[in-house]
Structures are given as structure tokens and as C-alpha cells.
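Asker: Heads up: the sequence shown runs through residues 24 to 301, numbered per the numbering used here.
To be clear, the hints were calculated from the coordinates, so they are not data collected in a lab.
We put the beta carbon where it would ideally sit given N, CA and C, even for glycine.
Do not take every clue at face value.
Simulated DEER-style distance windows between Cβ atoms [what the hints assert, rightly or not]: (1) 203 / 132: 24 to 34 Å; (2) 253 / 125: 47 to 57 Å; (3) 176 / 146: 51 to 61 Å; (4) 135 / 264: 24 to 34 Å; (5) 189 / 93: 17 to 27 Å; (6) 58 / 89: 24 to 34 Å; (7) 39 / 267: 16 to 26 Å; (8) 54 / 198: 44 to 54 Å; (9) 252 / 55: 21 to 31 Å; (10) 184 / 48: 49 to 59 Å; (11) 142 / 61: 20 to 30 Å; (12) 282 / 37: 40 to 50 Å; (13) 180 / 54: 39 to 49 Å; (14) 75 / 203: 51 to 61 Å.
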Amino acid sequence: MRILDKFYFIGLGIVFLGIFLLPFIWQVSPFSISVADRLQEPSMDHWFGTDHLGRDIFSRIVHGAGYTVGFSVLSILITALIGVPAGILAGVKGRGTDKLLMRIGDAFLAFPDFLLALLLSAVLGPGLFNVILAVIFVKWIQYSYLVRGITREIMQGQAVMISRINGSSLFSIVCYHVYPAIASHVLVLCTTDVGKVMLLIASLSYIGLGAQPPIPEWGAMLNESRAYLEGHPHLLFFPGLAIVLTSLLFYIAGDKCRDHLLKDERIEKEETEDRRYA
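Could you build the full structure based on these sequences and the hints that come with them?
Answerer: Now the structure itself:
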């Protein structure tokens, strides 16, 4: 692994350490209102300045990471826990179960993720919990599709045929053949999707359907501050920068994970194609 590649994973480690440690180290409350200190520019006393209520922006970004990043990771984990078993079931059982998943998937994939999440959030009402439900509802089918395709390929392979001849149960085949094959693919998808879900949650919060004041979620901070864009752009700059950098960090880390975890599989497929056309 090159030094540049390690930088991305170190950056992710710093993000998670900041989520767990900085709120305890940085003692300034993100909810403390001080009208006398409102709309201050960045300074030594307030590193990122203060908002329209005099709250410390740096403190709100530090504590808001737990909402934006933490709930994005939680959403992806729950999504994977639902989508992966559904994909394995469809890939193993086939026929009716597989057709049902395909029809559901076609209905989901016919619309953009943001549009479906926006519609569901509007139906459920504003709130961070409802946004998480919307994200899970929108994203689970993508994991099911990925796992289903890999599972079907493995179930038709020679190793599974030998296991069946030797009397192995379906459960042992899934544990010893399917899970190891899909683990790296799911990990790559999860890492990449965290950044996408961050943008989705922040976008819904920005239009008022996500986290509600005074929760210091980064998208909600942008929503609260957009009226002050012209005179005090730092109110939007720092939360926006946090969203962009963190989501980009997760996306690049997912890309690097794909390069390293799926490298051997890619090489094996290339060698198989070379032998086929030789």
C-alpha cells in the first residue's frame, strides 16, 4: 500500500477519533447561545466564528460529526444487514424468490435515490430518525442486487458442486463459500456509500426534512445559515467544507479498498479471459 493510499485511511481514522474524542476534549457547548457574540468572524476565541445565535461554529461542527457521519455509518450498517441476507436468499433459492427481488428492485431503481428519499421523508415527516428510515428504504436493494449476482455465480461454481456431492448443507455452503466471496465486495460498497449517504442526509436536512434545530447536523447548519450567506459566508463555508471533505474521504477510501481487496479477483478474471481467447 502506497503512502498516499495510507493517507486516506489515516484521515478516516482521524475522523472517527474526532467523533468519539473531540466532544469530550472541546468543552464549549454547541447549544450555548450568546446574543452578544453573534455573527463573529473566525478568531482565536472562536476558531470558525459564531452563528446568528452566538453559538460556536467549531463546537457545532465537532459535535455535528456524530450526527452526520455517525448516522450515515449507522444507516449503511442497517442497510447491509437487510440487503445482504435478502440477496443471499434470492441467489440461493432462485425462482420465485429471485423473481420477486428483481421486480422490487426494478421498481426501486427506476427512480433516483434522492427522489425516493425525499418522497418518503415528506410522507414520514421531518426528523433525523425518519431520514435514516428513508435511506435504508432506498439503499437496501442495491446491496441485495450486488450480493444476489455474486451468490448465483458461486452457487453455479465447481466448489459448491463438490460440496453438495459431499453432503454439505446449504447453511455450510453459504458460510464457507458465499460469505467469504461477498465480504470484500460489501465492504467496498459500504465504504463508498457512507459518503453518498452523508450527502443525502445533509441534503434532506438542508431543505428542512432532516435534523431539526438546535441539532448541529452539518446540513441543518447550512439550512440555518443560508440567510446570512452574503454578509457572513463563513457560517456556510465551514459546515459545507466538512461535508465535502469527509464524503470525499470516504469515497476515495472506498475506491482504494476496491483496488486492494478485489485486486486478486480482478487478476483471476483477466487470466481466465486470456485462457478462453488463447
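Asker: Please go over all the hints and tell whether each is borne out by the structure.
Answerer: Each hint tested on the structure:
The given range of 24 to 34 Å is respected by residue 203 and residue 132, whose C-beta atoms sit roughly 27 Å from each other. With their beta carbons about 50 Å apart, residue 253 and residue 125 fall inside the hinted range of 47 to 57 Å. Taken as a hint, the range 51 to 61 Å is violated for the pair residue 176 and residue 146, whose Cβ atoms sit roughly 37 Å apart. The supplied range of 24 to 34 Å is met by residue 135 and residue 264, whose beta-carbon atoms lie about 25 Å from each other.
For residue 189 and residue 93, the Cβ-Cβ distance of about 45 Å falls outside the hinted range of 17 to 27 Å, so the restraint is violated. For residue 58 and residue 89, the Cβ-Cβ distance of about 27 Å falls inside the hinted range of 24 to 34 Å, so the restraint holds. Our hint of 16 to 26 Å for residue 39 and residue 267 holds, since their Cβ atoms are close to 18 Å apart. Taking 44 to 54 Å as the suggested C-beta distance range, the pair residue 54 and residue 198 conforms, at roughly 48 Å.
With their beta carbons about 24 Å apart, residue 252 and residue 55 fall inside the hinted range of 21 to 31 Å. The supplied range of 49 to 59 Å is met by residue 184 and residue 48, whose beta-carbon atoms lie about 57 Å from each other. The hinted window of 20 to 30 Å between residue 142 and residue 61 is violated, with their beta carbons roughly 37 Å apart. Roughly 21 Å separates the CB atoms of residue 282 and residue 37, a value that falls outside the hinted 40 to 50 Å.
At roughly 56 Å, the beta carbons of residue 180 and residue 54 sit outside the given window of 39 to 49 Å. The hinted range of 51 to 61 Å is satisfied by residue 75 and residue 203, whose Cβ atoms lie roughly 53 Å apart.
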